[in-house]
Amino acid sequence: MSLAFRLVGSREEAEELVQDAFVRAFRNLEQFRGDASFGTWFYRILYNVCMTKVTRRRKAMDSIEDADLPLADHLADTETPGVLENMEQEELNRLIATEVDRLPSKLKSVVLLFYIQEMSYPEISAVTGLPIGTVKTYLHRGRNLLRKAVGSTFSDEVGT
Amino acid sequence: MKHMHVSPADLQDFLDGNLSGVVLRSVEEHLDSCKACESRFRSLAAVDRALHSLPQVQVDAGFTRAVMSRIASVRTNPVGYRLLENAAYVFALALVAAMILTVFILTGALDQQEVTQGQGVAEEIIAGAGTLAGSSIAMFSSLLSEYAPFVFGSGSLAITGSILVILAVLAVLDRVFARRWTGAPTLK
Numbered sequence: 092m093s094l095a096f097r098l099v100g101s102r103e104e105a106e107e108l109v110q111d112a113f114v115r116a117f118r119n120l121e122q123f124r125g126d127a128s129f130g131t132w133f134y135r136i137l138y139n140v141c142m143t144k145v146t147r148r149r150k151a152m153d154s155i156e157d158a159d160l161p162l163a164d165h166l167a168d169t170e171t172p173g174v175l176e177n178m179e180q181e182e183l184n185r186l187i188a189t190e191v192d193r194l195p196s197k198l199k200s201v202v203l204l205f206y207i208q209e210m211s212y213p214e215i216s217a218v219t220g221l222p223i224g225t226v227k228t229y230l231h232r233g234r235n236l237l238r239k240a241v242g243s244t245f246s247d248e249v250g251t
Numbered sequence: 004m005k006h007m008h009v010s011p012a013d014l015q016d017f018l019d020g021n022l023s024g025v026v027l028r029s030v031e032e033h034l035d036s037c038k039a040c041e042s043r044f045r046s047l048a049a050v051d052r053a054l055h056s057l058p059q060v061q062v063d064a065g066f067t068r069a070v071m072s073r074i075a076s077v078r079t080n081p082v083g084y085r086l087l088e089n090a091a092y093v094f095a096l097a098l099v100a101a102m103i104l105t106v107f108i109l110t111g112a113l114d115q116q117e118v119t120q121g122q123g124v125a126e127e128i129i130a131g132a133g134t135l136a137g138s139s140i141a142m143f144s145s146l147l148s149e150y151a152p153f154v155f156g157s158g159s160l161a162i163t164g165s166i167l168v169i170l171a172v173l174a175v176l177d178r179v180f181a182r183r184w185t186g187a188p189t190l191k
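Taken in order, these protein sequences are the chains called R and U.
To convert, take the position in the first sequence, counting from 1, and add 91; that gives our numbering.
To convert, take the position in the second sequence, counting from 1, and add 3; that gives our numbering.
Bear in mind the hints are in silico, worked out from the structure with no lab data behind them.
Backbone N, C-alpha and C fix where the C-beta goes; we use that ideal spot for every residue, glycine too.
Wrong hints could be hidden among the right ones.
[What the hints assert, rightly or not] Chain R residues, not near chain U, derived (Cβ > 10 Å throughout):
| no. | residue |
| --- | --- |
| 1 | 122 |
| 2 | 129 |
| 3 | 142 |
[To be verified] Short derived list, chain R residues pointing at chain U, Cβ under 8 Å:
| no. | residue |
| --- | --- |
| 4 | 92 |
| 5 | 96 |
| 6 | 114 |
| 7 | 120 |
| 8 | 124 |
| 9 | 133 |
| 10 | 187 |
| 11 | 188 |
| 12 | 207 |
[Said to hold, decoys possible] Restraint-style ranges between C-beta atoms, simulated for each label pair:
| no. | chain 1 | residue 1 | chain 2 | residue 2 | range |
| --- | --- | --- | --- | --- | --- |
| 13 | U | 65 | R | 127 | 36 to 44 Å |
| 14 | R | 180 | U | 99 | 56 to 64 Å |
| 15 | U | 151 | R | 120 | 43 to 51 Å |
| 16 | R | 127 | U | 142 | 44 to 52 Å |
| 17 | R | 123 | U | 39 | 49 to 57 Å |
| 18 | R | 128 | U | 71 | 21 to 29 Å |
| 19 | R | 124 | U | 149 | 26 to 34 Å |
| 20 | R | 150 | U | 175 | 18 to 26 Å |
| 21 | R | 220 | U | 149 | 48 to 56 Å |
| 22 | U | 48 | R | 120 | 35 to 43 Å |
| 23 | U | 24 | R | 192 | 32 to 40 Å |
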């Protein structure tokens, strides 16, 4: 539920998508071969349902989210140690929760599967269908974007 | 490692517990002696803690009941649900049906003169399939050839178009009524 909520941004939509995932899992139960754990198989269904929703919405809104991804390629490892060091953990938690929602959906889904669902790289790869190397790259980019965003936001707040 | 700073990637791997052996020990030793890297590591760890503490979202009390209700509905009518749940599925069926029909027409299996009339093919379909679809196709193909002769002037196009129209109507009905048919309760 947390994964769906973070991906689509609405509690009602998230509940409906999780319901859809359960129904699809039930309907396609015979296709579960036991190669992966049932949880991974279910999360793959949920991930597909959520990403379909996100993609449709993005097309409808003509979002430039995907255009953000190449920019992330050029991001150097962002280091804002001085800024983050002076931040209270509670404040950092609040900022991170806000900034996670602003991540491009592909990066966000990998970050959420790693941190909220506490999945391993192979599990995330199985759920998203991405190669393990890409999972690592997305996770790395996601963290970098978050650190950069949190650092600049905090600097702005302190500066004002 | 003692004199060179630890790379951000290695720091993150250290944090994730992905290092082992010599590399792990050298990073540990370096962090003990380098304030800059130790500071960077603490920043990474703080962001990691924040990510791990992202608030979890719990489902409402009625969630399980809602899921079971939908599953029960699927169980009682799995074929109908599968057909009507997905507009894309219906459109795919429409395309396949249209292609089969076109092949029949092009190969002369269906009489071309009767095809041009529209009604003739419908009668053959009725005779062959004995379903309501034949009369619906006849009606729509007549309408299409009458009101849009520049597009559906030929009988085959009129019939193909009429099949697509019928299935498009089904698809729209599906989207409108799918929630009711599948028995999913309205979420508050």
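Next on the checklist: residue 114/R was flagged as interface toward chain U. Is the shortest Cβ-Cβ separation under 8 Å?
Outcome noted: Residue 114/R check passes; min Cβ-Cβ to chain U is 5 Å, inside 8 Å.
Checklist entry - Checking the smallest CB distance to chain U, is residue 142/R really beyond 10 Å? => result Label holds. Min Cβ-Cβ 16 Å, cutoff 10 Å.
Checklist entry - Regarding residue 220/R and residue 149/U, is the given constraint of 48 to 56 Å on their beta-carbon distance met? => result Holds, at about 49 Å.
Next on the checklist: A range of 49 to 57 Å was offered for this pair. Does it hold for the Cβ distance of residue 123/R and residue 39/U?
Outcome noted: 50 Å, holds
Checklist entry - Taking the closest Cβ pair, is residue 92/R under 8 Å from chain U? => result At about 5 Å, which falls below the 8 Å cut-off, the nearest Cβ of chain U leaves the hint on residue 92/R intact, so it holds.
Item to check | Supplied distance hint 43 to 51 Å, evaluated on CB atoms of residue 151/U and residue 120/R | outcome: 46 Å, holds
Checklist entry - Given a hinted range of 36 to 44 Å, is it respected by the beta-carbon distance of residue 65/U and residue 127/R? => result 30 Å, violated
Next on the checklist: Does the closest beta carbon of chain U sit nearer than 8 Å to the beta carbon of residue 120/R?
Outcome noted: 10 Å, violated
Next on the checklist: Quick check: does the Cβ-Cβ distance between residue 180/R and residue 99/U fall within 56 to 64 Å?
Outcome noted: The hint (56 to 64 Å, Cβ to Cβ) holds, given that residue 180/R and residue 99/U are roughly 59 Å apart.
Item to check | Status of the given 21 to 29 Å range, CB of residue 71/U versus CB of residue 128/R | outcome: Between residue 128/R and residue 71/U, where Cβ atoms are some 23 Å apart, the hint holds.
Checklist entry - Per the CB criterion, is residue 133/R less than 8 Å away from chain U? => result 12 Å, violated
Next on the checklist: residue 188/R was flagged as interface toward chain U. Is the shortest Cβ-Cβ separation under 8 Å?
Outcome noted: Status holds, d = 6 Å.
Of the numbered hints stated above, those contradicted by the structure are hints 7, 8, 9, 13 and 19, listed in ascending order.
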